[in-house]
Amino acid sequence: MTAEHEQLHCGVELEALVIQVTDSQPPVEPAHQNNCPYCQSALRGLRQGWGTVQSLTREPVPIPPRLTAQIMARVRTLARYVADSILLGHPRGETRISHTVLGQVIQRIACSVPGVVFASAKPIPHDPPEPARLSVAIRLVVAFGPAIETLTHTVRHVIDRRVPTLTGAQLSRIDITIEDIAELAD
Amino acid sequence: MILQVNDRILLQAAQDGDLDAFEALVRRHQAAVYRVAFRMLGSEVDAQDATQDTFVRAWRGLERFRRESAVSTWLYRIVTRRCLDVISARRPIEDLQIERDAGVDPADTAEQRERLRAVTRAIAGLPGEQRAALVLREFEGLSYDQLADVLNTSVPAVKGRIHRARLAVLKQTTAWR
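Protein chains in written order, with my numbering: chain A, 1 to 186; chain B, 1 to 177.
Hints were generated in silico from the structure; no laboratory data involved.
Check the hints yourself; a few may be wrong.
Below, computed lysine to aspartate or glutamate pairings styled on EDC-like, alpha-carbon distance capped at 16 Å [claimed, not checked]:
#1 B:Lys171 with A:Glu6
#2 B:Lys159 with B:Asp145
#3 B:Lys159 with B:Glu129
#4 B:Lys159 with A:Glu6
#5 B:Lys159 with B:Asp149
#6 B:Lys159 with A:Asp23
#7 B:Lys171 with A:Glu13
#8 B:Lys171 with A:Glu15
In isolation and in its complexed conformation, chain B is listed as follows (with noise of 0.2 Å):
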């Protein structure tokens, strides 16, 4: 029943103290929120982390959510700041370090596999504020405006992110010269 009940008035009932109310919310948006640490982080241990921590802080922060954006908005913002924390709190090489199949398919043939990890270390290696947009364009599908809205910046700078990250992953993983 509850899975027909729509983001906003879960989101009211979770104000008032309704622990199933979240929960209902945690189930509907953990995938995503998964996604976009793991996607981030490459590490499924932190990604776990990163999840908990972002629903644990959305938790704490209901009371101050005004429903200006979409309760998916507010969660990706949260992930994504979070993500970030974790990424400047690792030293460089620990970044790169990710977890040598994070999110490739091993029904793969082993030349697309290795294609596919080569796309996940590039990604690994981008700057925190450029790895963000990406996955969050690539992956997610979100919109320019939406981005500009998580990212807490402008469409032109969200844009100048993506077009660096798509660059400098290209660079690294094609053969273009």
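The following block holds chain A by itself, in its conformation from the complex (with noise of 0.2 Å):
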């Protein structure tokens, strides 16, 4: 006889109660049930059993303080592995800028924009590459009220501002799509 097709001294399975109490089925023999004493003492243990289970579900888990940080640590390590970068020349030696920072710095500049709810960069690099000149797609979550025309211009000229004295990195080209209106809480 296999785990799964033990029986109660009265011939039921025990995995017909189970499916039972687990799966708020109704009984296959209710007659029998009802007046058997192996079935009502055995579904009185799985019941209280099956309680436990969902009790162990509530348990909270607590999670790790510094959790988010080990993880991040290792993500940062990784990707500045395989970053891009763009080259400053200077007489004494080259600067690189990874593009994982550019685009850091470029989306801390747009989110700066009253209006923008979220935003991320992605540099791209031309082709063929120039070492200091690229163009940037920005992906926009703005909030609902502002002229998203006047909202992506004024984005658009800060960052073609303030981008080529943070970094030494001229952009020739800004393209910038609008992925969701979000409504801001009071």
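Build the complex: two chains, separate frames, hints provided.
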């Protein structure tokens, strides 16, 4: 007899009672079950056991406090290996700024514009590559209210003005996609 | 602000190399990923490692994510595979040596704590695939369709695994005879 076909002394299969308890199914033989002490006893035990399983599912599982930092440290290390970069020439050496850093700078500048809820930026190198010149694709989530065309004009203007100052990179194109509109909470 | 942005947009941004967007996804989903790892592996240290590995694999696989499924489903799939790898690499005795009070609230009564420990031990004794199905169904509340997607199998196969897992846990932890 396999574990799934064990029977009570009355001949009822344990499996049928487990299905009844865990899936809230009606009994297969209600008349027998109502009058059978073996079935009644087994049902009491199974209901208590299933109740304990349900209790365990509700037990909180605290998240280790530094988990996010540990994950992101590994991801940032990984990202540094794969990042492209721009090259700023200098008589006494060269400076490379990774596209990841450039993207973060542009993203922060875009987010500083009132009405921008979320921004992400992807630097796009020229083909063929130019050391300090590139384009950028920006995705925005904007607040409902301000005129979108005016908002994108402001974002483009601020990025065009501040990115060369902060990074030395020259932007040929700034493509903006509005991905979503958000209602701002009061 | 970033908390208002939906997964799809964060994921697209992360695919473009935006680490802040990826970190937002980590913050949003790490609790569920860690919970699954902890319930499957029964150890805080192993669950932390599996959670970290899950997000590192997710980062590496961002380009391949095609958005047919939700981000949460994708992450459940990665963490489940990682945990199954850990379980299969363990010797059986190691697998049963779960932390004594793994996920048991000290505020519970002694009798209830002992019952909860017994269930935890019974879950740790399940074969990996049954354990995964039970944890995702009972602890995370996934539907049978979602489970089939995460476990890369059919709905009837998922139902079979859950049924066998429930039966094994209840047989071990209750006085049914």
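Now for the hints, and whether the structure bears them out:
Distance hint between B:Lys171 and A:Glu6 is fulfilled; the C-alpha atoms sit about 10 Å from each other, no more than 16 Å. Under the criterion of a C-alpha separation no larger than 16 Å, the hint pairing B:Lys159 with B:Asp145 is consistent with the structure, at around 10 Å. Note on B:Lys159 and B:Glu129: the hinted pairing holds, with a Cα-Cα distance of about 12 Å set against a maximum of 16 Å. Proximity of B:Lys159 to A:Glu6 is assessed by CA-CA distance (about 20 Å); at most 16 Å being required, the pair is judged violated.
Distance hint between B:Lys159 and B:Asp149 is fulfilled; the C-alpha atoms sit about 13 Å from each other, no more than 16 Å. Proximity of B:Lys159 to A:Asp23 is assessed by CA-CA distance (about 11 Å); at most 16 Å being required, the pair is judged to hold. A C-alpha spacing of about 12 Å is found between B:Lys171 and A:Glu13, which places the hinted pair at or below 16 Å, so the restraint holds. Among the hinted pairs, B:Lys171 with A:Glu15 is consistent with the structure: their alpha-carbon atoms are about 10 Å apart, no more than 16 Å.
Checked against the numbered hints listed earlier, the structure breaks hint 4 alone; every other hint is satisfied.
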